[in-house]
Structures are given as C-alpha cells and as structure tokens.
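S.K.: As a plain string of letters, each chain reads:
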Amino acid sequence: MVDILNIQEQIRQFILKTSYVSADQVNNDTLIFAQGIMDSMGFISIIGFIEDNFSITTNDNELLEANFESINAIADFVFRKLNTNDNK
Amino acid sequence: MNSKISNSFSKDILKFENVEAEADRISKRLKDDILGVLKRKGAVIGISGGIDSSVTLALTVNALGSENVLGIMLPEKDSSPESKEFALKLAGKLNVKTLEEDITDALIGFGCYMRRDEAVNAIFPEYNPDRFKMKIGINQSGLNNFLPPVFSLTIIGPNGNEKSKILPIKEYLQIVAASNFKQRCRMSMLYYHAERLHFAMIGTPNKHEVEQGFFVKNGDGGADIMPIAHLYKSQVYQLAEYLDIPKEIIKRTPTSDTYSAEQTQEEFFFQMPYLEMDLIWYGLENGVPEELVGNVVGKTKEEIRHIYNNLIRKKKTTEYLRMAPITY
Numbered sequence: 001m002v003d004i005l006n007i008q009e010q011i012r013q014f015i016l017k018t019s020y021v022s023a024d025q026v027n028n029d030t031l032i033f034a035q036g037i038m039d040s041m042g043f044i045s046i047i048g049f050i051e052d053n054f055s056i057t058t059n060d061n062e063l064l065e066a067n068f069e070s071i072n073a074i075a076d077f078v079f080r081k082l083n084t085n086d087n088k
Numbered sequence: 001m002n003s004k005i006s007n008s009f010s011k012d013i014l015k016f017e018n019v020e021a022e023a024d025r026i027s028k029r030l031k032d033d034i035l036g037v038l039k040r041k042g043a044v045i046g047i048s049g050g051i052d053s054s055v056t057l058a059l060t061v062n063a064l065g066s067e068n069v070l071g072i073m074l075p076e077k078d079s080s081p082e083s084k085e086f087a088l089k090l091a092g093k094l095n096v097k098t099l100e101e102d103i104t105d106a107l108i109g110f111g112c113y114m115r116r117d118e119a120v121n122a123i124f125p126e127y128n129p130d131r132f133k134m135k136i137g138i139n140q141s142g143l144n145n146f147l148p149p150v151f152s153l154t155i156i157g158p159n160g161n162e163k164s165k166i167l168p169i170k171e172y173l174q175i176v177a178a179s180n181f182k183q184r185c186r187m188s189m190l191y192y193h194a195e196r197l198h199f200a201m202i203g204t205p206n207k208h209e210v211e212q213g214f215f216v217k218n219g220d221g222g223a224d225i226m227p228i229a230h231l232y233k234s235q236v237y238q239l240a241e242y243l244d245i246p247k248e249i250i251k252r253t254p255t256s257d258t259y260s261a262e263q264t265q266e267e268f269f270f271q272m273p274y275l276e277m278d279l280i281w282y283g284l285e286n287g288v289p290e291e292l293v294g295n296v297v298g299k300t301k302e303e304i305r306h307i308y309n310n311l312i313r314k315k316k317t318t319e320y321l322r323m324a325p326i327t328y
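In order, the protein sequence lines correspond to chains A and B.
Positions 1 to 88 (this note's numbering) are the ones given, in order, by the first sequence.
Positions 1 to 328 (this note's numbering) are the ones given, in order, by the second sequence.
It should be emphasised that the hints constitute simulated quantities derived from the structure, not laboratory data.
Just so it is clear, CB atoms sit at the ideal spot from N, CA and C, and this is done for glycine as well.
Do not rely on the hints blindly, as some may be mistaken.
Cross-link-like lysine-lysine pairs, in silico, BS3-like; alpha carbons within 25 Å at most [what the hints assert, rightly or not]:
1) B:Lys314 - A:Lys17
2) B:Lys11 - B:Lys217
3) B:Lys314 - B:Lys217
4) B:Lys28 - B:Lys41
5) A:Lys17 - B:Lys170
6) B:Lys316 - A:Lys17
7) B:Lys89 - B:Lys247
Covered stretches of chain B, as calculated for chain A (at least 3 residues, CB under 8 Å) [as the list claims (entries may be wrong)]:
8) 149-156
9) 159-169
Using the sequences and the accompanying hints, generate a full structural model.
M.R.: This is the structure:
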C-alpha cells in the first residue's frame, strides 16, 4: 500500500515540474490555486496525474477545495480513495 | 474603492441614459475609422442571427449605409438552422446584401470533425458522430470556490440519453483545437470577401467575450474593428431594442453554436446569467464592495468574492489570447 508521505511527495514533484515555480515557493499547505501556483490547465493535469498514477477515478462532485486546495489536501483525497474500495 | 460608484451601484447602473447618443457615437467612430483610418470603402460582417452580430450589423449600416455593408453567413454542418433564418431576417430588414458560405467542406479538409471525434471516441468509445451529438461544458461547482473550472464532455445518444465525463487534458485540448478550425475558417472567408471588395472586416465580440477570453485567437478574435467590445451584454441588448432588432433575435438564448448538441453560452463558459454577470463584472472593475454587489444580485458576500476571484482568474489565464505577437 502507498503511504501518505509517498503520495504527498509524488504530487509535490508533479506540481513543481508542471508549474515552473521553485521548490521553496510551495510547501504542502500552500493554497496552490488561490495563490496562483496552478491554473485551470494545471487543475486538469493534476486530476489526470492522480487518476493515472494511483488508478483512481475522480467524480464531478469531488472537485472541491477540501480535496484539491493544497498538496496535503490532494494527498489526503488520494489516500482516502485508495482506502475506500467502492471509490476506486 | 470609488465611493461615488459604490453609492450609485444598483441593478440599473449599466443602463445608458441616452442610448441614441451611444449608438450615434459608435456609428460615427465606425465611419471615421473605416473610411479615414483603415482607408476602406465598406464593411464585411459575419452574421449569425445572434444579438452581437445583429447589433454590430445595424450600427455599421447606420455608419456607412446598407449599400456599403455585406453580411456573410458561414454555416457548417453543426450550425443551428435558426442562425441562418434570423440572420436573413435582419439583413432583409436593414436592406443589406448577404452571401452564404458553407464552410463544412473546408472543415472536412482541415480534419476538424475527424480530429474532434477522435478525441471524443477516446473518452466514449460508443460515440458515433452520425448518431450521437456532443458538447463540452464548464463545471459549475468551480464558481463557488477557489478552484479553477474544469470541462466535461457530454454525449447525447439517439434515444436522448446523456453521458458526461470530466475531460482529461489531452482530449480537452484536442477537442478545443479542432473546433477552433470553425472560427479560424470563418475569419479566413470573411477576410477573403473583405479584401476582394476593399472593405474592412468588423468583429462582433462584446466586452465579456473579449475580456474573459471567450473567443478564438486569430478566429473570431481577428478583425479590423470591434465596435461593441466595450459594451456589457445588457448594454448590447439595450442597443438592440433601440436599433429595432427583430424580437426573435433579442429573445434568442445566446448559444455557442459550435458543437453538435445545443448549448448556451452560459453553460459553455460564463456560468451565470448575463444580467448578473454584467453587474458583478462592473462591481469588480470599479471596486464595489462584495457585500453591496451581493445585495443587488441576491448573493452573499462570500459568493461574490468567489465570483470575483473566478473572473480575475479568467482574465489572467486568457491574457495570451489578447496579446499581440511578441517581437524582439
């Protein structure tokens, strides 16, 4: 099973690679959309990344700030999905 | 915050006190710019039977006289038949000559439909363009939080059943890029006729389309003059009433008329009714406090804050569309 720290790190690396910001500008609690680190293309990319990388499916009603506002929020969301069989 | 504007902010703030003066001002500018600045002797306008192109056509006729204006209808196989019917009705009323250029074959040549359908099939393998209709739309939940919007693909089968899915980035970009052939093809055809006649090409986008980026770069965003690009949508409607545009055009719901399934502009891009959007956009541009705007449009301060944020994001992320080529 993938642990949450590993999920956080994978998401962090993906965001750094696709956002062209330096590592010191993003910590795991940074509000990546509210602070303009990622835009709408970035949002779609993140959804695609977590779906491909962790074999989960994201539904319309899950596109909430609580699930996507920061690296921690996304990692928690992925972790919950991976541990909830009917959401995979 | 501009306290004078905040004090006068109401649902009527965008109403022209003298709509005739604004119509005359635009028509005079059009005449001066077409004849004096661009040195052209007439104007070509793509007409769709929608409110924006209808108002633009009427203003241009007032500027140059109907004999110096050509209205061109540019349907393709996904266009609504209503578009042509309404465009012809207005042109007849204004005594403007029209041409019809069906761009379907050109779009087939570009592979527009084939490339779009390939991306749709990657999401829904059962999609067959001969039996299904399709559209893409913006996710509504994004309006009330700080997340950017995402687009969903919807297909509608022969029995009317709908299926929707969030679009992955590759397929989203391919569908949009393929569909944009439509606007770019129209722009090419309009410039063909403009150059053949030594006319100017008049664009039809309104303020929201230009500033929120609801246009195709080098497509419907390509023109010599955009005479209503400073107008909020409700002001376009006010001008339409003054210019005596046919009622069916005024009452028609603005559509994208781009995908095979019917789709309103609100559903595709703007996410809210135009009257509400006008007031909120005005409030944002003029620093009107969120609470005051909320009181007028019936929303909470928090909702207005999210919408302000959404509009700021749209403007910022579409800056690329409005940029001239970068030169060194």
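S.K.: Now tell me if each hint is right for this structure.
M.R.: Do the hints match the structure? See the list:
1. B:Lys314 - A:Lys17: holds, 23 Å
2. B:Lys11 - B:Lys217: violated, 33 Å
3. B:Lys314 - B:Lys217: Holds, because 15 Å separates the two Cα atoms, which is no more than 25 Å.
4. B:Lys28 - B:Lys41: Within the cut-off at roughly 15 Å; holds.
5. A:Lys17 - B:Lys170: Holds, because 17 Å separates the two Cα atoms, which is no more than 25 Å.
6. B:Lys316 - A:Lys17: It holds: about 21 Å lies between the C-alpha atoms, which stays within 25 Å.
7. B:Lys89 - B:Lys247: Status holds; Cα separation ~11 Å.
8. 149-156: holds (count 4)
9. 159-169: holds (count 5)
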